[in-house]
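2 protein chains.
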Amino acid sequence: MSRADVANRRKIDAALEEAEALLGDRLTTSRSVRDLHGESVTWYPTQPPDAVAYVQTTEEVSALVKICARHKVPIIAYGTGTSLEGHINAPYGGITIDFAQMNNIIRVSPEDLDCTVQAGVTRVQLNVHLRDMGMFFPIDPGTDASLGGMAATRASGTNAVRYGTMRENVLNLTVVMADGTIVQTARRARKSSAGYDLTKLIVGSEGTLGIITEVTLRLQAIPDAISAGVCPFPSVRHACDAVILAIQTGIPVARIELLDDVQIEACNAYSGLTLEETATLFLEFHGTQDGVLEQMRLFSEIIEDHGGGPFQSADQTEDRNKLWQARHDAYWANLAQKPGLKGLATDVCVPISRLADCVEETRVDIEKYGLFAPIVGHVGDGNFHLTLLIDPDDKNEMDRVNELLERLIMRALAMDGTCTGEHGVGIGKMKYLEAEHGAGVDVMRLIKKSLDPDNILNPGKVVAV
Amino acid sequence: MSRADVANRRKIDAALEEAEALLGDRLTTSRSVRDLHGESVTWYPTQPPDAVAYVQTTEEVSALVKICARHKVPIIAYGTGTSLEGHINAPYGGITIDFAQMNNIIRVSPEDLDCTVQAGVTRVQLNVHLRDMGMFFPIDPGTDASLGGMAATRASGTNAVRYGTMRENVLNLTVVMADGTIVQTARRARKSSAGYDLTKLIVGSEGTLGIITEVTLRLQAIPDAISAGVCPFPSVRHACDAVILAIQTGIPVARIELLDDVQIEACNAYSGLTLEETATLFLEFHGTQDGVLEQMRLFSEIIEDHGGGPFQSADQTEDRNKLWQARHDAYWANLAQKPGLKGLATDVCVPISRLADCVEETRVDIEKYGLFAPIVGHVGDGNFHLTLLIDPDDKNEMDRVNELLERLIMRALAMDGTCTGEHGVGIGKMKYLEAEHGAGVDVMRLIKKSLDPDNILNPGKVVAV
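Protein sequence lines correspond, in order, to chains R and Y. Okay, so the first sequence: first residue is 772 according to our numbering, each after it adds one. Okay, so the second sequence: first residue is 772 according to our numbering, each after it adds one.
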């Protein structure tokens, strides 16, 4: 052990001792628990923390952060561990705060269509709770993530084209800052011009500016009618052109998802579907009975103009659930196509006018590099995903993968897009931030340094300082 | 002149000399121009800058900010001067940057429903430009403000209930930071998880963190059908309850404005209307022909259940324009009610469930303090305005006014609302920020200090450091 390592071990031990006095057996240093908390669902190597703390209140989080601040020990917030860019890895050790026991729904206001939950509440848990009240929370990244984690990564998903992302749907956050101070980022009012928008600063900051402990969310009334369907197109371009026209003409489509031929093949095999193996849109319409019928009629006209069809609707809840389950299982369907390989999920987002170009050029690249990578996209937002099936130990393949990823991101940036539409930066996208934001990264670093001068909050992520 | 004054004068003179070399006769120190730029439309005393600079490019703004940074001279961004809380006053002198000559529409993308404009473009100018392309920009604070100013104050207005505020509708900003660095806050993608949300941090920062020079905005398709109407109610509470139910049931109303009896009386007199002088909703519905009819049918049922009506619709463009012109002229209608007095416009925003309470209690206060103050509200958002008609020289009256305002804001805060829904902080609401945000104000101050260490950007506003 070097002298620095010894000093580091000492401060960690000191912090752990105090943390254990605070939390008792809710602080654990068990190897298996630590490994689980340092292991992402994607291909990143596991980097465990020194301990995992199961907190129950905001005040406990504050006390724990104060301990870590005193000893300059890293602190990493952990929801369900489903992030995709190594957000919850602990490259410098420290204490991971697990929010699984902070899962109370604190308050629901049907009149205001909003609620406040502890950070560990998951989106499915919330929606089960809301169902009988005629409301739902629309943001749906597929996995049953915690709402604190979704706020921290600025998550979105299939419904974002109509309802926005976490950016638009978080009204207020309770946040523990790097010195342990507890801050409310806003009030429950729908809008405000009272000072800097701390809510939006914390949303998407991935635990590097503060630890989210409670989340106040906008809710939606469950629509009278929901109808879904699938529609094949001759090509990705035909499908994208149909989407552009649907958005342009103001059809308030709730979900509009593109699956390319490779992805449909995987979904057919995994989810027992029998879809034509071509570029396909999965759609959902929300509204009144008449409104949904009208939206479907308008969309059907657009399909015809773009050589698509037939449009198969799924009006029954059961059919609809089967369809969306297949969509949400796309990642697992892909893994099942190549047993033994790891999934590397990545996403970019471009202006919708460039989406067909970006997908087509990427598909050409995938062939060129001899890789297997189905494409799915939240195409109403211009956002799409690749799932590369890889063997991380195959150096030659990984070189090709990395070249493909770099080309994908530079392509998206050249189209005035972003290196990640919804997965976040974590460790994986850090190297692209300068290319995307230029001098903006310096501004981010100034903010990070001013709010976390000792760099204890999720160090080594986003804009590592 | 004190020694400090002499030193201050010297650095301002040095900055002006360099600024003149940069801009020639586009830098003016004329007394009348300076007074105009230090005079808000409301009652605040005029505080002129030392000079006004008419800039034409982002690079010029950058060069000017570098000059001011070198000499530590204040710099204040100015759009149309229509802000209401003293945002553009120059309490410490310095140079005001007027964006009137930076009014080019740089780019419009119908496919992506977005555009980029220079900061001096006004919303009416933009909408005239967009009309033939079948698009519009929905944010409408009433006055024909500049889009840079609207972004800087996080403006909203009558359409926000459906289309959001500037917070939701700015995709990207070009910003000159305090050291003259030019930053793009984001890309043109609809969503992104790539780092801290600099766009949302600058939106609403009122020129205190950076100077906005270009704005990329989301646009909307002009709906097939627009229908408007007015509906009287027995009381503010009846009207608010109807609004809550309309929002709760998901009617996508585009505008839903409350005018109380006092405001209707003023509008009748000023705009030649003949409305019943009682709490009244002004409404607008956007959608397809069928969709608008359905919205109006659903809303009519709600009206009946809440003792309102009759609902008078205004489907013709001319009638609709007359109605909304009257709404937008409410401020001038109020001034006309009390010739010789000044208007003091203020706003708060509360969760919609508390709106009726807040308006009713405020109305009782207005009577108690013997003041004249019509109330209008963007009630779909829980946001409402008082226009107090005042004589700033009447000390006794101003004491009562200030007590009323303080009680109004504390009432809104106690209801988990905000001290300003859309007007912003400027000078006028600074004293309430601590009450609203508590320790959050310290976070704001850290950000301000880190991004503008010499406090040259609109000093003395928001979180004066």
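Think of the hints as simulated: they come from the structure by calculation, not from any bench. Given the structure is predicted, the values throughout are model-derived calculations rather than measurements. Misleading hints may appear alongside valid ones.
No distinction is drawn between identical chains; accordingly, a pair holds when it is met within one copy or between any pair of copies.
Quick list of in silico lysine-lysine cross-link-like pairs, DSSO-like style, CA-CA up to 30 Å [what the hints assert, rightly or not]:
1. K782 / K1093
2. K1220 / K843
3. K1139 / K1220
4. K1139 / K1166
5. K837 / K1220
Now for the hints, and whether the structure bears them out:
In this homomeric assembly, K782 and K1093 never come within 30 Å of each other (Cα to Cα): the closest approach is 52 Å inside a single copy and 71 Å across copies. Taking the closest pair of Cα atoms, K1220 and K843 come within 30 Å of each other both inside a single copy (14 Å) and across two copies (23 Å). For the homomeric pair K1139 and K1220, neither the shortest alpha-carbon distance inside one copy (43 Å) nor that between copies (50 Å) is at most 30 Å. For the homomeric pair K1139 and K1166, the shortest alpha-carbon distance inside one copy (17 Å) is at most 30 Å, but the shortest distance between copies (79 Å) is not.
Proximity of K837 to K1220 under the C-alpha cut-off of 30 Å is found in both arrangements, the shortest distances being 17 Å within a copy and 23 Å between copies.
Checked against the numbered hints above, the structure violates hints 1, 3; every other hint is satisfied.
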